[in-house]
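Keeping their order, the protein sequence lines are chains B and A.
Start counting the first sequence at 1; every next residue gets the next number (UniProt numbering).
Start counting the second sequence at 1; every next residue gets the next number (UniProt numbering).
Rather than coming from a laboratory, the hints here were simulated on the basis of the structure.
Just so you know, these numbers come straight off a predicted model, no measurement behind them.
One should not assume that every hint holds.
[Unchecked claim] With a cut-off of at most 30 Å between alpha-carbon atoms, the simulated DSBU-like pairs for lysine-lysine come out as follows:
id, chain 1, residue 1, chain 2, residue 2
1, B, K170, B, K260
2, B, K171, B, K128
3, A, K6, B, K374
4, A, K22, B, K391
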Amino acid sequence: MLTLPIYLDNNATTPLDPRVLDAMLPYMTKMFGNAASRNHAFGWQAEEAVDYAREQIASLINCSPKEIIFTSGATESDNLAIKGVFEMYASKGNHIITVTTEHKAVLDTCKHIEKVGGKVTYLTVDEKGLIDLKQLEEAITDKTILISVMYANNEVGVIQPIREISALAKKHGILFFTDATQAVGKIPVDVEADGIDLMAFSAHKMYGPKGVGALYVRRKNPRVKVTAQMDGGGHERGMRSGTLNVPGIVGLGKAAEIAKQDMEADTARIAAMRDRLEKELITIEESYVNGSTEHRLPHVSNISFKYVEGEGLMMGVKDLAVSSGSACTSASLEPSYVLKALGLSDDLAHSSLRFGLSRFTTDEEIDFAINHVKEAVAKLRELSPLWEMFKEGIDLNSIEWAEH
Amino acid sequence: MAYSDKVIDHYTNPRNVGTLDKSKASVGTGLVGAPECGDVMRLQIEVDENQVITDAKFKTFGCGSAIASSSLATEWLKGKTVDEALAIDNMAIVEELALPPVKIHCSVLAEDAIKSAINDYRVKNGLPALELPKSHH
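Isolated chain A, as found in the complex:
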């Protein structure tokens, strides 16, 4: 199976790799997936007082498509408000990276990681966690 140029680009030059200080109240961390399943994503956001995401970082254990999905997600997150970030749909990632059907689960995982990071941020700041539909992939 051949990877799309965009997947190869994100895999070769991943954007925003790294770690934010998870003890800070302004940082939300999402850790999704499982080692046994072959992919784990950790996605972090830093949110300012206006609910704007000023920074996003990721680290991913997984295949090229999983790495590319999370790299792309961090690119999209920066500059968005939290509400805008919540609206990011996995199918937009599929489309942008031209993921084949067997790799759709990578995009689902990236969407889960975004929502999980936002929830972590919300809970830290005294807001109730959002009910997230349980994804199956």
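Only chain B is shown next, with the shape it has when bound in the complex:
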């Protein structure tokens, strides 16, 4: 039985895995203790649960449990990593290197750094969405203290050359931070092999609950420290105060355990469905895949359907929950800055849809999605003056559009 609408927006958030919920529930009722209560069984139980979660997470990303700092999510982790390093290493320098296609949680934190006297270099990407390592190395100065490059992009799914980036960082004695929100739990992430010093990730992108995430902070080779961004009880080795979200943390731990155990099988199945979806949809005339298809997350596909507008298209595919690079609803009318950074023209960026599959996506849902999108594109092109002009051989660039 197909239940509509179909959820294909798993880069925004994923459903909670029922196995995760089962693990969390006891910690909301009977075992409600504060993990910092050292003087009774309720506290010990909670602390034990948190420690176990730390181990589950450490096992997924190949680190020591002591290197996990729990936060409220990836946005907080991004803030803590960048602001925390900037403040802690102020005596070493004030320069940070990042990329134009980063998530706003990184970009806006970097904007803040610039306001408080830091310097930030924003690397550009090529048409596949990848950074240029030569450009990265050239951007390094003797004041550079941090390189912040996301593991995989949320809009197009492109995976950056993490090991090459970390090698460069190491060579120049610079810390390497990666926002791995879209990658952890989806593809193998190994902080040792990948040479990562700090890493942000979140539970709700990997079938865990919302409101909990973590920052990995390396303890050895080198020992990394970040200045706390919240004052309080000195939890999490003094780097993040605040009573631990025990049920959330238990959920993140369980989600990590399941991810490790099921990743190989899940990935093969999800990638096969994604590939089929994409292969079918690009048989539509004038449709284009955005970003690298070679270095890409297995569950993401971002496609532009030229001459139809993304928001109109989303309304046409009302039985699918997807997202669009069009930002017609926002005040700015600016389409996705990520797609524009890949060199897409505004009209192609406006015409894009992002499909994000999950471990719960079924073949039947993909069949439905393929037909639904094909019909909607055909219908909207019948309505599109641009499509008509294209079919008549009129070069749209030759027209003087009234910019508004």
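Dock chain A against chain B, hints included.
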């Protein structure tokens, strides 16, 4: 953001989709918006000797509200005189379709399309183009 029933109705069953012969002197064509901005409307009117709009057609690249605004505009245009058509205000479209503030620009674009089509018709028939206030949306 939820769309109003009227927007959904116009989007699902758009009225007067199509193309009139733009080489005819009795046909006025307005093409407004820009692909980079995410909406382009083409609105056409056919005017008889009594200055009455006998037919109207549109094609729109844009969101649901843009499609609905232009579909509604063609419905309103048919049977009106050119002067009556000139008096159509974008806020009437906003009201009829219950457009939220972020979608008001769609109605402005529809009003621009009407005026632009009328001007095209006027110029073709030896009349001076009307000065139109430059809209910002």
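Status of the hints after comparison with the structure:
1. B/K170 with B/K260: This hinted pair holds, its Cα atoms lying about 28 Å apart.
2. B/K171 with B/K128: holds, 26 Å
3. A/K6 with B/K374: Judged against 30 Å, a Cα distance of about 25 Å means the pair holds.
4. A/K22 with B/K391: Status holds; Cα separation ~17 Å.
Every hint, counting from the list given before, is met by this structure.
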